[in-house]
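So the protein sequences, as listed, match chains A and B. Each residue of the first sequence is one higher than the one before, starting from 26 at the first, in the numbering used here. Each residue of the second sequence is one higher than the one before, starting from 26 at the first, in the numbering used here.
It is possible that some hints are incorrect.
You can't tell identical chains apart in this list, so a pair holds if it fits in one copy or across any two.
Said to hold, decoys possible - Here are the simulated SDA-like cross-link-like pairs (lysine to any residue), alpha carbons at most 20 Å apart as the crow flies:
hint : residue 1 : residue 2
1    : Lys48     : Pro224
2    : Lys48     : Gly109
3    : Lys48     : Ser58
4    : Lys294    : Pro199
5    : Lys243    : Lys294
6    : Lys231    : Asp319
7    : Lys334    : Asp168
8    : Lys231    : Asp246
9    : Lys308    : Gly286
10   : Lys243    : Pro114
11   : Lys236    : Gly191
12   : Lys236    : Gly291
13   : Lys308    : Gly92
14   : Lys243    : His118
15   : Lys294    : Gly197
16   : Lys231    : Arg40
17   : Lys308    : Phe97
18   : Lys308    : Ile102
19   : Lys55     : His150
20   : Lys308    : Ser64
21   : Lys52     : His150
22   : Lys294    : Pro108
23   : Lys334    : Ser304
24   : Lys308    : Gln98
25   : Lys308    : Pro93
These are calculated hints, taken from the structure and not from any lab test. Source: prediction; values computed, not measured.
2 protein chains.
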Amino acid sequence: MNYFIAVDIGGTQIRAACYPEDKQSPKTIKRISTQGSDSTPLERLIHLLESIWPEGNVAGVGVAAPGPLDPFQGIVIEAPNIPGWVNMPLQHHLEEQFNTPVALGNDANLAALGEWKYGAGRGFHHLIYITVSTGIGGGVIIDDRLLLGERGLAAELGHVTILPDGPICSCGQPGHVEAMASGPALARWAQQEIQNGSPSILPVGKDVTAKDIGEAAKQGDQVAIAALARSGYYLGLALANYCQIFNPSAIIIGGGVSQTGHFLFGPLKTALSEHVMSSDYMKNLTISTAALGDDVGLMGALALAQSIK
Amino acid sequence: MNYFIAVDIGGTQIRAACYPEDKQSPKTIKRISTQGSDSTPLERLIHLLESIWPEGNVAGVGVAAPGPLDPFQGIVIEAPNIPGWVNMPLQHHLEEQFNTPVALGNDANLAALGEWKYGAGRGFHHLIYITVSTGIGGGVIIDDRLLLGERGLAAELGHVTILPDGPICSCGQPGHVEAMASGPALARWAQQEIQNGSPSILPVGKDVTAKDIGEAAKQGDQVAIAALARSGYYLGLALANYCQIFNPSAIIIGGGVSQTGHFLFGPLKTALSEHVMSSDYMKNLTISTAALGDDVGLMGALALAQSIK
C-alpha cells in the first residue's frame, strides 16, 4: 500500500501523520514537543517520523514549517522559535534519512493549499487565505496553483504597508496590516483606550488575547467591540487591495482572531465592499472562515506531499 | 504563409499591424483615429483590419483594449474614452467578421506580456510591470503566465490603498497609489507647493505634464525635484508591498512619468529597498524602465495572438 506523510512543525510542537493513499483521515497521528533537553529539534523530528512510518511504500513527505523558507531547495531560512534552524537544509536531511521524496512549504502557504484542497476553498480556482493570530500570514491560489514567486517568498499578505505612519510591525516596517490588525495589535489598541480612560471589563496592563477581547465584545464591552471593528476595518481595506490585485473567487480567513465572529467580520465586510473600486470584484466572491482548524497545517502538508512528482 | 495581427485600441487612435509568423517586425502597420463623424469605432476598427489583412492565413488576432474587460469572454466592460463601448462583445464581432480566432486583453496586462516576451522582461519568470502616466496600470507574470484572476480583473497595481486618508483616486477610492504618484498627482502636488509660496519655474495654474516637471527638475527646480521624489517614494513603497506579495525577479516601469529618470528612480529605489521586510527580496531583483515604448501595446497584442490555442 502507498502512504503519504504530513508534518506540521511549530515552535512549541511538531505533529506528524501518516495517510493511506487517497484518504484524508490518518492511519496514525502523533505529536511531540519541538524542543527537549536530550535531543535537537531535528533529531526529535526524525524520531517522530520513525515512530509513525508505516509498513509499505511512502510516496512522499510534506512538511509545513514556520518562517521564511526556500521551498525549491527545501531549506528553512530562519525559524524564529526553533534555535539553530538558520539555513537548515531540512529536505536534504529527511530525504537522506528516509530515502523518500520530501517537500517543504511555508506554513501559511500550505494552510492555503490545505483549505483549497480539503477545506473551505474546495472548488475555487483563485483564492486568498489569510490567517490572523499573533502574526498575519497568507497564501494565494491562482489558477489552482500555489503562488510562490521567484524564491518562494511570495504571499506575505500581512506585510504590506497600509498606513505609512502607523505602528511598527514585528518585521520592523511601519504600518503593515499585521501591525494594525493582528491579535497583539488588537490588545495593544484596547490597552491604550483603557489607559486613556475608556471604561472596559478587560483587565488593565495584562496580556489580553483575541479570545478575551472576543468574549468581552459579546458582553457588550465597547472597547473590545471598537478594537475588533478597527482590526476588521484594516483587514477589509487590505482585502479590497488584494481583490484588485488577485481578483479571487474566495477569501478564507483563519487564525485565532477570526474566531471573534461578527464583531470582526461585520466591519471587515463593510470595509471590503466600500473599498473595492468596482462592485465587479464582489460578484460571486465567497468570504468564509477557515474550515480545517488546527489540522490545517497537516492537511496542507498532505496536499503538498501528494503533489510531489 | 501564416500571419498574426495585433491591435492596440486607445481613446484617441487605433493601431493595427500584421506580423509574419515568428517575426517581430510587421509586414504592415497602420493607425487611424478611434472616433470619426461618419462611422462608429467598431466600424472603423473593422475597416482598419480589412486594410492590413494579408494574403494567406491569419492564425490569430490579439487586441489590447483600455478599461476593465473580460478576457475570457472577450467583452470590453467599459472603455472610458470610447462612447458606446459598454459590455461590447468585441471578440464575437471580430470573429464573426473575419472568421479567425480573436483574443482580447487589458492594455496594461498586455504591456506586461509584451515586455516579458519581447522587451525588458525577456528571460524572467516572475515579473511586475507598472505603467505610470495619467493613471497607473499594471500587469504581473507569474511562472511565465499572465495573472488574470477569476474574471480577468486582477493586477490593478495602481489601485491599492497606500494612505487611507490620502487624496481621492480617479476611481473614487481614497489614497490609492495612482492618486499619490501618477502624472496628474505630480502636477497637483507641484501646483499646491507653488500656491503655498515655494519658488518654482513651473507655470502656475496651468496644466503641467510629467515631462514639464522632469525638465524643470533637470534645471534644478526644487518643487519639481520634490514632486518627483514624492512620487518615487510612494511608488517604492507600493513596489515593496508587491515584492512581498509576488516575490518577482524583475520590476519594469513604463509610462510617461518613468521618463523622468533618476529624479524618480533614485527615491523609488531607496523607498523600495528600505521598505522590504527582508533583503532577500532584493537579491537578484532587476529594476528597469520599459523597453518597447509606444509599441508595447502592439507587441503585447502580438504575444497574445501567438498564445491563442
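For each hint, the structure was consulted:
no.	hint	in the structure
1	Lys48 <-> Pro224	neither (52 Å within a copy, 73 Å between copies)
2	Lys48 <-> Gly109	neither (35 Å within a copy, 55 Å between copies)
3	Lys48 <-> Ser58	neither (26 Å within a copy, 62 Å between copies)
4	Lys294 <-> Pro199	between (25 Å within a copy, 18 Å between copies)
5	Lys243 <-> Lys294	within (19 Å within a copy, 47 Å between copies)
6	Lys231 <-> Asp319	neither (26 Å within a copy, 61 Å between copies)
7	Lys334 <-> Asp168	both (19 Å within a copy, 18 Å between copies)
8	Lys231 <-> Asp246	within (17 Å within a copy, 54 Å between copies)
9	Lys308 <-> Gly286	neither (23 Å within a copy, 41 Å between copies)
10	Lys243 <-> Pro114	neither (46 Å within a copy, 51 Å between copies)
11	Lys236 <-> Gly191	neither (24 Å within a copy, 33 Å between copies)
12	Lys236 <-> Gly291	within (17 Å within a copy, 46 Å between copies)
13	Lys308 <-> Gly92	between (34 Å within a copy, 18 Å between copies)
14	Lys243 <-> His118	neither (48 Å within a copy, 57 Å between copies)
15	Lys294 <-> Gly197	between (28 Å within a copy, 19 Å between copies)
16	Lys231 <-> Arg40	neither (31 Å within a copy, 66 Å between copies)
17	Lys308 <-> Phe97	between (35 Å within a copy, 16 Å between copies)
18	Lys308 <-> Ile102	between (39 Å within a copy, 14 Å between copies)
19	Lys55 <-> His150	neither (32 Å within a copy, 40 Å between copies)
20	Lys308 <-> Ser64	neither (53 Å within a copy, 35 Å between copies)
21	Lys52 <-> His150	neither (30 Å within a copy, 40 Å between copies)
22	Lys294 <-> Pro108	neither (40 Å within a copy, 34 Å between copies)
23	Lys334 <-> Ser304	neither (40 Å within a copy, 31 Å between copies)
24	Lys308 <-> Gln98	between (39 Å within a copy, 16 Å between copies)
25	Lys308 <-> Pro93	between (34 Å within a copy, 15 Å between copies)
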